[in-house]
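2 protein chains.
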Amino acid sequence: MARVLTPRAEDFPRWYQDLIAKAQLADNGPVRGTMVIRPTGYALWERMQGEMDARIKAAGAENAYFPLFIPESYLRREAQHVEGFSPELAVVTHAGGKELAEPIVVRPTSETIFGEFMAKWVDSYRDLPLLLNQWANVVRWELRPRTFLRTTEFLWQEGHTAHATEADAAAYARRILHHVYEDFMVNLLAIPVVPGRKTVGERFAGATNTMTLEAMMGDGKALQMGTSHELGQNFAKAFDITYSSQAGSLEHCWTTSWGSTTRMIGGLIMVHGDDSGLRIPPRLAPVQANIMVVKAGEGVAEAAAKLRDELAAAGVRVTLDDRADVPFGRRAVDAELKGIPVRIEVGPRDLAAGNAVLVRRITGAKAPVPLGEVVAAVTAALKADQQQLFDDALALREERTVDVKTLGDALEAAQTGWARVPWSAVGVEGEAEANGKAVTVRCLIRPDGTVPDADDEPDLVAILARAY
Amino acid sequence: MARVLTPRAEDFPRWYQDLIAKAQLADNGPVRGTMVIRPTGYALWERMQGEMDARIKAAGAENAYFPLFIPESYLRREAQHVEGFSPELAVVTHAGGKELAEPIVVRPTSETIFGEFMAKWVDSYRDLPLLLNQWANVVRWELRPRTFLRTTEFLWQEGHTAHATEADAAAYARRILHHVYEDFMVNLLAIPVVPGRKTVGERFAGATNTMTLEAMMGDGKALQMGTSHELGQNFAKAFDITYSSQAGSLEHCWTTSWGSTTRMIGGLIMVHGDDSGLRIPPRLAPVQANIMVVKAGEGVAEAAAKLRDELAAAGVRVTLDDRADVPFGRRAVDAELKGIPVRIEVGPRDLAAGNAVLVRRITGAKAPVPLGEVVAAVTAALKADQQQLFDDALALREERTVDVKTLGDALEAAQTGWARVPWSAVGVEGEAEANGKAVTVRCLIRPDGTVPDADDEPDLVAILARAY
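Same order as they appear, the protein sequences are chains E and V. Take the first sequence: its letters are residues 1 to 468, numbered as in the working numbering. Take the second sequence: its letters are residues 1 to 468, numbered as in the working numbering.
Please note: incorrect hints may appear among the correct ones.
Copies of the same chain look alike in the list, so a pair counts if it works inside one copy or between any two.
As the list claims (entries may be wrong) - Straight-line Cα separation of at most 27 Å, DSSO-like style, residue types lysine-lysine; simulated pairs:
no., residue 1, residue 2
1, 98, 120
2, 366, 295
3, 22, 57
4, 405, 22
5, 221, 366
6, 437, 405
7, 98, 221
8, 437, 57
9, 221, 237
10, 22, 120
11, 22, 437
12, 437, 237
13, 221, 295
14, 120, 306
15, 98, 405
Calculated from the structure, these hints are not laboratory results. As the structure is a computational prediction, the values presented were derived from the model and not from experiment.
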């Protein structure tokens, strides 16, 4: 069989770029670090958006849209924020044929401009919590861009909320972490994630607590799949977001922000892809089943159309590929590259026996199925293979995660996977040493796997890994 | 009754801005000409996106996403295009802390960057037509910004397609004009539109034919609601978009582009709004029916919840406002400002008689309805009032449109509405004279109302008006 991609085991980064190009997910844009998301890739993002948006709305947040352009002065109002983002900013200095009096920043994130308007909109405790979200593009100048993972421009949702109390803000940031992000990643993307707390050194610029969801990629490295931040009163003080309390006093709000991006597409590829291309979890897949006419023949077109209608009626997202003039092998390789979960081959020979052939992308299983049982077989395969992808990803993570006692052992284990090590054996100094060796503390978790509420809880466990 | 807004008849532009502020649709952003679309306004845009997107996909186009940043040199490749857009560009000169070697333009539209990639992706006639669309933000520096109508940044969809023949491109541009845009505007927005051909002077920069959909606002002015362009081979030649034909020769493609924007929200307000606020066409409305608890009382909460469940089960988008602690009048004024089509009042007195009270925002009708008949009454009202809004808008347009024979009469008629005048009585010279008096040729149509295929067809009718 012809080699379609550079094998994963031979050169993982090259396999990744090969897959993106050959599955037609994205191209590099002309401006350094930008990308063109092609229809095959964008369809994945549309499905992600729809599912994530439904969960965000279920968490009570409303969508809005804030401007792309932010006055440079806004960023300076929160000291850590401007320090964190300054090196990554794209700045508009000329517009409408003239030089601008004040340079404009292309948003790298929108805490500052949301803060400015929250201050206008929030008056009394009755206006709280204020729960907002937006779907938007943001720009962070990248020195080492990599498609989907680190791009100069990326697409994301960013939530911004204001609350009356620290406890309410903390609870909401956790609700997003678990009930929006973790639920989405586990149940839609079939990616096991570890929710945890970032160390002080890894916090978002301006946050008092950054929580993350970390996933293990196929090469044992980690990817941060999404983050949810408590911002304390930092932005509320910088932007004067105040409310009059029920007792009549004027108080500063407590705010949160949280984001998930097109980077998740990169994670999807690196967790589920194989040497034949992408494998899309069925619940996410824009196309779940592709009926392929193997070659023309008596009754073939009719049988294929009937199967398509039956599958669509059963709620399966289905397409029909009847391009009998394009070689079957080429079409099959393309569908495998793009990761369509199930292929149903319809041809004269199998049809004569009353069968179609069901090929499962995820398990590789291939078997004839009586025409009358195709819908049931496809539905069952989609359900089972969704679980299979998750199980495989979890098994890999467990296989490649090692419990160790010392920083030295953790650094060694991080060369091939993740190390779980007592945080007391690492500390701020050990973290700096690890960073010098391209290993980072991905997050801190409690011994029982839950997310810590403070940096100094006893017995915290640190997860160390190389990361994208 | 207290005056909620500046009356429309007193000061139309001020009424418009008042309505946007008080219905909480949008705020002005900090950078000149930008806007913050608030949740109430954004919910309208989400509904528009969903409905428009379904029609675009039905027309065979696929969504993609192209970069925000375009090298300045790309725009220069098409002479008319750069001339048209240069005065409106926002330019990034610094990024990542350094001055850039080549300035980057923030996209004002994306013909050039789509062109660059179409050239890479199109190889043979088998790759055509290539039908792409994207939902994105664009930036055009505005000297006289007005919320939703002319903003420095706006949201839109932009379609870009490549075809093998001029006839195929022309047919597709017309398909979008009628089956996507006109269908959406008439059937969802309840806005009668006139599809027509722009004069040479009003064409999109780089197009060989610009078609438009023009609507009459409540003050008699015109608003361009969307455009569909034939670009000839202009961009195909500038970006080398070629294909090998079935006969084996190398040919340039024929391309189209087409767009519709957040400006449609402004049109919606100016067509359907009244002195109490917005009136949203029921088929568009994010919330179609709002159940309002008038005041607390025995069985009120239960009856309201039951009605909500029944309406939701019948497919009505319904909310329940049970804030009995907020004065009823204030809540009713707010719901009217926001234009929710139907209000169902539930209170102890009506409930005792087995009734709720149905209040229709569009007609103003108010009547008690037996609880068991609420669903049927609401469904009927939503259907009838959708039609009513369209009929009213059409009646206004017909009342304010005058058929005249000379340019002088047309200019006079354009002070209060639209003038239909033979194009032969205007011509390029008359168009310039009209422009000097702030009147424009909105479009050219045939005597039978259809869209002309050429600028020089006989007996063309010009529509002259003042415009937003």
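Against the structure, the hints come out as follows:
no.	hint	verdict
1	98 / 120	neither (31 Å within a copy, 35 Å between copies)
2	366 / 295	within (18 Å within a copy, 64 Å between copies)
3	22 / 57	between (35 Å within a copy, 24 Å between copies)
4	405 / 22	neither (43 Å within a copy, 61 Å between copies)
5	221 / 366	neither (32 Å within a copy, 65 Å between copies)
6	437 / 405	within (18 Å within a copy, 82 Å between copies)
7	98 / 221	neither (47 Å within a copy, 32 Å between copies)
8	437 / 57	neither (42 Å within a copy, 49 Å between copies)
9	221 / 237	neither (38 Å within a copy, 46 Å between copies)
10	22 / 120	between (49 Å within a copy, 14 Å between copies)
11	22 / 437	neither (33 Å within a copy, 57 Å between copies)
12	437 / 237	neither (38 Å within a copy, 51 Å between copies)
13	221 / 295	neither (43 Å within a copy, 59 Å between copies)
14	120 / 306	neither (58 Å within a copy, 37 Å between copies)
15	98 / 405	neither (61 Å within a copy, 44 Å between copies)
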